[in-house]
Amino acid sequence: MRKFLILFGREVSSAFHQPLAYVVLFFFLIVTGFNFQAGVTLLNTGAGTVTMVQAFFNTVYFWFPFVLVFPLITMRVFAEEAKMGTIETLMTAPVKDSQVVLAKYAGCLFFYLILWAPSLIYFVVFQEITGVKAAGAVGSYVGAYGMLVLMGLLFTAIGCLASALTDNQIVAAIISFAAILGFFFLGLLSFLLPSTGTFLRELTYYLSPVEHMMDFSQGLFDTRPVVFYISSTLLVLFATFHIFQYRRWKS
Amino acid sequence: MIKVEKLTKRFGGFTAVNGIDFEVQKGEIVGFLGPNGAGKSTTMRMLSGFLPPTSGKAEVAGFDVFADSLRAREHIGYMPESVPLYTDMRVHEFLRYRAALKGVPGRRLKERVGDVLELCGLQDVEKKIIGNLSKGYRQRVGLADAMSHEPDLLILDEPTIGLDPNQIRLVRDLIRNLRRHHTILLSTHILPEGEMLCSRVIIINKGGIEALDTPQNLRAHLGQAGHILFDAIVPDAQAAASALRALESVQSVSHRADGEWTVFTIHPAPSHDPRESLYRHAVDNKWRIREISRPPVSLEQVFAEVTGGEEI
Numbered sequence: 000m001r002k003f004l005i006l007f008g009r010e011v012s013s014a015f016h017q018p019l020a021y022v023v024l025f026f027f028l029i030v031t032g033f034n035f036q037a038g039v040t041l042l043n044t045g046a047g048t049v050t051m052v053q054a055f056f057n058t059v060y061f062w063f064p065f066v067l068v069f070p071l072i073t074m075r076v077f078a079e080e081a082k083m084g085t086i087e088t089l090m091t092a093p094v095k096d097s098q099v100v101l102a103k104y105a106g107c108l109f110f111y112l113i114l115w116a117p118s119l120i121y122f123v124v125f126q127e128i129t130g131v132k133a134a135g136a137v138g139s140y141v142g143a144y145g146m147l148v149l150m151g152l153l154f155t156a157i158g159c160l161a162s163a164l165t166d167n168q169i170v171a172a173i174i175s176f177a178a179i180l181g182f183f184f185l186g187l188l189s190f191l192l193p194s195t196g197t198f199l200r201e202l203t204y205y206l207s208p209v210e211h212m213m214d215f216s217q218g219l220f221d222t223r224p225v226v227f228y229i230s231s232t233l234l235v236l237f238a239t240f241h242i243f244q245y246r247r248w249k250s
Numbered sequence: 000m001i002k003v004e005k006l007t008k009r010f011g012g013f014t015a016v017n018g019i020d021f022e023v024q025k026g027e028i029v030g031f032l033g034p035n036g037a038g039k040s041t042t043m044r045m046l047s048g049f050l051p052p053t054s055g056k057a058e059v060a061g062f063d064v065f066a067d068s069l070r071a072r073e074h075i076g077y078m079p080e081s082v083p084l085y086t087d088m089r090v091h092e093f094l095r096y097r098a099a100l101k102g103v104p105g106r107r108l109k110e111r112v113g114d115v116l117e118l119c120g121l122q123d124v125e126k127k128i129i130g131n132l133s134k135g136y137r138q139r140v141g142l143a144d145a146m147s148h149e150p151d152l153l154i155l156d157e158p159t160i161g162l163d164p165n166q167i168r169l170v171r172d173l174i175r176n177l178r179r180h181h182t183i184l185l186s187t188h189i190l191p192e193g194e195m196l197c198s199r200v201i202i203i204n205k206g207g208i209e210a211l212d213t214p215q216n217l218r219a220h221l222g223q224a225g226h227i228l229f230d231a232i233v234p235d236a237q238a239a240a241s242a243l244r245a246l247e248s249v250q251s252v253s254h255r256a257d258g259e260w261t262v263f264t265i266h267p268a269p270s271h272d273p274r275e276s277l278y279r280h281a282v283d284n285k286w287r288i289r290e291i292s293r294p295p296v297s298l299e300q301v302f303a304e305v306t307g308g309e310e311i
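As they're listed, the protein sequences go chains Y and A. Using numbering that gives the first Met the number 0, you'd call the opening residue of the first sequence number 0 and step up by one each time. Using numbering that gives the first Met the number 0, you'd call the opening residue of the second sequence number 0 and step up by one each time.
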């Protein structure tokens, strides 16, 4: 555990040692701020049936930076060490491969959570100024942020896998971007398919982040997406671990 | 300290290391000499636990480096050839992180980092960012990292490559001072370095061990391949050469002119030294002599001999 914490600390500090972190944080704030503004506008024009939390987590302005940010967070983690050769000193220290993989993954996840933390302030400010409740119930917050974390688990793992595949950060970013975007569009199919109840419709619902977020931000809890995100995260991490070992042993 | 048996590494169809055996005792400095691509780095990577071997086995401090890798690694300080470092960290941060990662307990970290900083002469730059350091300093940071957890064995891959002569001297002095506390396995293709630093030398070529001995023994063993320089003024070079050739224990003689002097290069018969008879012969014939000498065989000649390559 001590080794894991040391490695995790190193991952977090190295993330914040590079200018990219601040560029990402900066633009992320701008886009989420814009998203918030769009949510307020939506409420103003009086759709009436949605709360602020729902409006915030279900716009295009939410999904656009959401999908884009994972490759930027994760492209570095394995690719950079492989390129610089530091993987050699890292893996000749008495640490387990699994500790390294998990610490790198946890470091990326931590950065992802830091990115989203300021958004909580928006809702506080919203309530203070308008006097309107931002969510129907606490469950709405729990659902929305819970889903944010669940999706983060899987997509960060996909990014780590892509980074473990190559020495080149750009290639890693493109692979993870393509994979995440492909998965995301697969979920969007559920809006194109007309009839409910068919197998394909059910399947795409099962895979659709957009629908998951819609339900969870209303405070509707469904175990299926939870199981889906956690199990597929474990699968992707397992694959990452093996690719990481394989590439080293082959080198 | 190190025990290697039939260690082999193949990459696809290419055999980088081919069934080598050797042992290193505690307190030795052993040099791995060999041309580029001989398998030095691959062997070191296997010993440090980074690469698994195709077959064979290696032990460090009694632990198998593959089956019991974590415990073996605790006894090894490894510095790869390229000296990879985290360029975004400050020197003392990096050493602290590495020492902690390699199991130095928290309460001893400060002392340990202070020790290696001092040992490697890094106090002036401890607060600098590694990315801004010169190559010589980076090399020393790498060395400090390798010994940060007080390992029994240091594996140093080309520790002086790419340094200027002053830095090379500093690193060599450092390594020489380390021999008191550590067993050291280092690789180099600079032969005088192996000769200066190492108590034993392993010459490796094309994945196999060609020779393994002390530098003195290697030279003595091949000493007979040495030649004698004989510099004199003779009336007729051709005639003198054939006269010398007729001497006992002389195998062959070649000569060239140097102004009025003639320089003979004489190859003696194995384990014979004809210098005295050469002198007598010169005196008898009233030749004027400038030099009779037997230049010591360098490790480079030994190396060329063993690896079958040209002298470098």
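Treat the hints with caution; some may be incorrect.
Below are the EDC-like pairs computed for lysine to aspartate or glutamate, each with C-alpha atoms no more than 20 Å apart in a straight line [as the list claims (entries may be wrong)]: (1) Y:Lys2 - A:Glu73; (2) A:Lys285 - A:Asp257; (3) Y:Lys249 - A:Glu80; (4) A:Lys285 - A:Glu275; (5) A:Lys56 - A:Glu4; (6) A:Lys127 - A:Glu117; (7) Y:Lys2 - A:Glu194; (8) Y:Lys82 - A:Asp67; (9) A:Lys25 - A:Glu117; (10) Y:Lys95 - A:Asp63; (11) A:Lys56 - A:Glu73; (12) A:Lys5 - A:Asp67; (13) A:Lys205 - A:Glu80; (14) A:Lys134 - A:Asp87; (15) A:Lys109 - A:Glu149; (16) Y:Lys2 - A:Glu275; (17) A:Lys2 - A:Asp67; (18) Y:Lys2 - Y:Asp96; (19) A:Lys205 - A:Glu4; (20) Y:Lys95 - A:Asp87; (21) A:Lys25 - A:Asp123; (22) Y:Lys82 - A:Glu80; (23) A:Lys126 - A:Asp151; (24) A:Lys134 - A:Asp151; (25) Y:Lys95 - A:Asp67; (26) Y:Lys95 - A:Glu58; (27) A:Lys2 - A:Asp87; (28) A:Lys126 - A:Asp114; (29) A:Lys56 - A:Asp87; (30) A:Lys25 - A:Glu58; (31) A:Lys134 - A:Asp172; (32) A:Lys126 - A:Glu73; (33) Y:Lys2 - A:Glu4.
Per label pair, the in silico range of CB-to-CB distance [what the hints assert, rightly or not]: (34) A:Asn35 - Y:Ser97: 51 to 61 Å; (35) Y:Gly145 - A:Pro104: 32 to 42 Å; (36) Y:Val170 - A:Asp87: 40 to 50 Å; (37) A:Arg106 - Y:Pro117: 57 to 67 Å.
None of these hints come from the bench; they were simulated from the model. Ideal Cβ placement from N, Cα and C applies to all residues, glycine included.
Right, here's what the structure says about each hint:
1. For the hint pairing Y:Lys2 with A:Glu73, the CA-to-CA distance comes to about 13 Å; that is within 20 Å, so the pair holds.
2. The hinted pair formed by A:Lys285 and A:Asp257 meets the criterion: a straight-line CA distance of about 19 Å does not exceed 20 Å.
3. Only pairs whose Cα atoms come within 20 Å are accepted, and Y:Lys249 paired with A:Glu80 is accepted, the gap being roughly 18 Å.
4. Taking the CA atoms of A:Lys285 and A:Glu275, the gap is near 15 Å; set against the 20 Å cutoff, the hint holds.
5. A threshold of 20 Å between alpha carbons decides the hint, and for A:Lys56 with A:Glu4 the separation of about 5 Å falls inside it, so the pair holds.
6. For the proposed pair A:Lys127 and A:Glu117, the alpha carbon gap of about 15 Å is at most 20 Å, so the pair holds.
7. Under the criterion of a C-alpha separation no larger than 20 Å, the hint pairing Y:Lys2 with A:Glu194 is inconsistent with the structure, at around 40 Å.
8. Only pairs whose Cα atoms come within 20 Å are accepted, and Y:Lys82 paired with A:Asp67 is rejected, the gap being roughly 28 Å.
9. With a C-alpha separation of about 25 Å, the suggested pair A:Lys25 and A:Glu117 falls outside the 20 Å cut-off, and the hint is violated.
10. Simply put, Y:Lys95 and A:Asp63 have alpha-carbon atoms about 16 Å apart, close enough for the 20 Å limit, and the pair holds.
11. At most 20 Å may separate the alpha-carbon atoms for a hinted pair to count; A:Lys56 and A:Glu73 meet this at roughly 18 Å.
12. Proximity of A:Lys5 to A:Asp67 is assessed by CA-CA distance (about 18 Å); at most 20 Å being required, the pair is judged to hold.
13. A threshold of 20 Å between alpha carbons decides the hint, and for A:Lys205 with A:Glu80 the separation of about 19 Å falls inside it, so the pair holds.
14. As the CA atoms of A:Lys134 and A:Asp87 are separated by approximately 15 Å, the hinted pair is consistent with the 20 Å bound.
15. This hinted pair checks out: A:Lys109 and A:Glu149 have alpha carbons roughly 14 Å apart, not beyond 20 Å.
16. Restraint check for Y:Lys2 and A:Glu275: not satisfied, since their Cα atoms lie roughly 69 Å apart, outside the 20 Å limit.
17. Between A:Lys2 and A:Asp67 the CA atoms are separated by roughly 14 Å; this keeps the pair inside 20 Å, and the hint holds.
18. Among the hinted pairs, Y:Lys2 with Y:Asp96 is consistent with the structure: their alpha-carbon atoms are about 11 Å apart, no more than 20 Å.
19. Our distance criterion of 20 Å between C-alpha atoms is met by A:Lys205 and A:Glu4, whose separation comes to about 17 Å.
20. About 24 Å separates the Cα atoms of Y:Lys95 and A:Asp87, which puts this hinted pair outside 20 Å; it is violated.
21. With a C-alpha separation of about 33 Å, the suggested pair A:Lys25 and A:Asp123 falls outside the 20 Å cut-off, and the hint is violated.
22. Distance restraint check for Y:Lys82 and A:Glu80: the Cα-Cα separation of roughly 14 Å lies within the 20 Å cut-off, and the hinted pair is therefore satisfied.
23. Of the pairs offered as hints, the one joining A:Lys126 and A:Asp151 is violated, with about 28 Å between alpha carbons and a cut-off of 20 Å exceeded.
24. Restraint check for A:Lys134 and A:Asp151: not satisfied, since their Cα atoms lie roughly 26 Å apart, outside the 20 Å limit.
25. At most 20 Å may separate the alpha-carbon atoms for a hinted pair to count; Y:Lys95 and A:Asp67 meet this at roughly 12 Å.
26. With a C-alpha separation of about 19 Å, the suggested pair Y:Lys95 and A:Glu58 falls inside the 20 Å cut-off, and the hint holds.
27. This hinted pair does not check out: A:Lys2 and A:Asp87 have alpha carbons roughly 37 Å apart, beyond 20 Å.
28. In summary, the hint linking A:Lys126 to A:Asp114 is supported, as the alpha carbons are separated by about 15 Å, within the 20 Å threshold.
29. Taking the CA atoms of A:Lys56 and A:Asp87, the gap is near 37 Å; set against the 20 Å cutoff, the hint is violated.
30. With a CA separation close to 13 Å, the supplied pair A:Lys25 and A:Glu58 stays within the 20 Å bound.
31. The straight-line distance between the Cα atoms of A:Lys134 and A:Asp172 is roughly 17 Å, inside the 20 Å bound, and the hint therefore holds.
32. Distance check on the hinted pair: A:Lys126 and A:Glu73 sit about 27 Å apart at the alpha-carbon level, beyond 20 Å; violated.
33. Annotation: proposed proximity of Y:Lys2 to A:Glu4 is violated, straight-line Cα distance about 32 Å (limit 20 Å).
34. As the Cβ distance of A:Asn35 to Y:Ser97 is approximately 35 Å, the hint placing it in 51 to 61 Å is violated.
35. With their beta carbons about 39 Å apart, Y:Gly145 and A:Pro104 fall inside the hinted range of 32 to 42 Å.
36. For Y:Val170 and A:Asp87, the Cβ-Cβ distance of about 22 Å falls outside the hinted range of 40 to 50 Å, so the restraint is violated.
37. Between A:Arg106 and Y:Pro117 the CB atoms are about 38 Å apart, so this pair departs from the stated range of 57 to 67 Å.
In this structure, the hints that do not hold are numbers 7, 8, 9, 16, 20, 21, 23, 24, 27, 29, 32, 33, 34, 36 and 37, in rising order.
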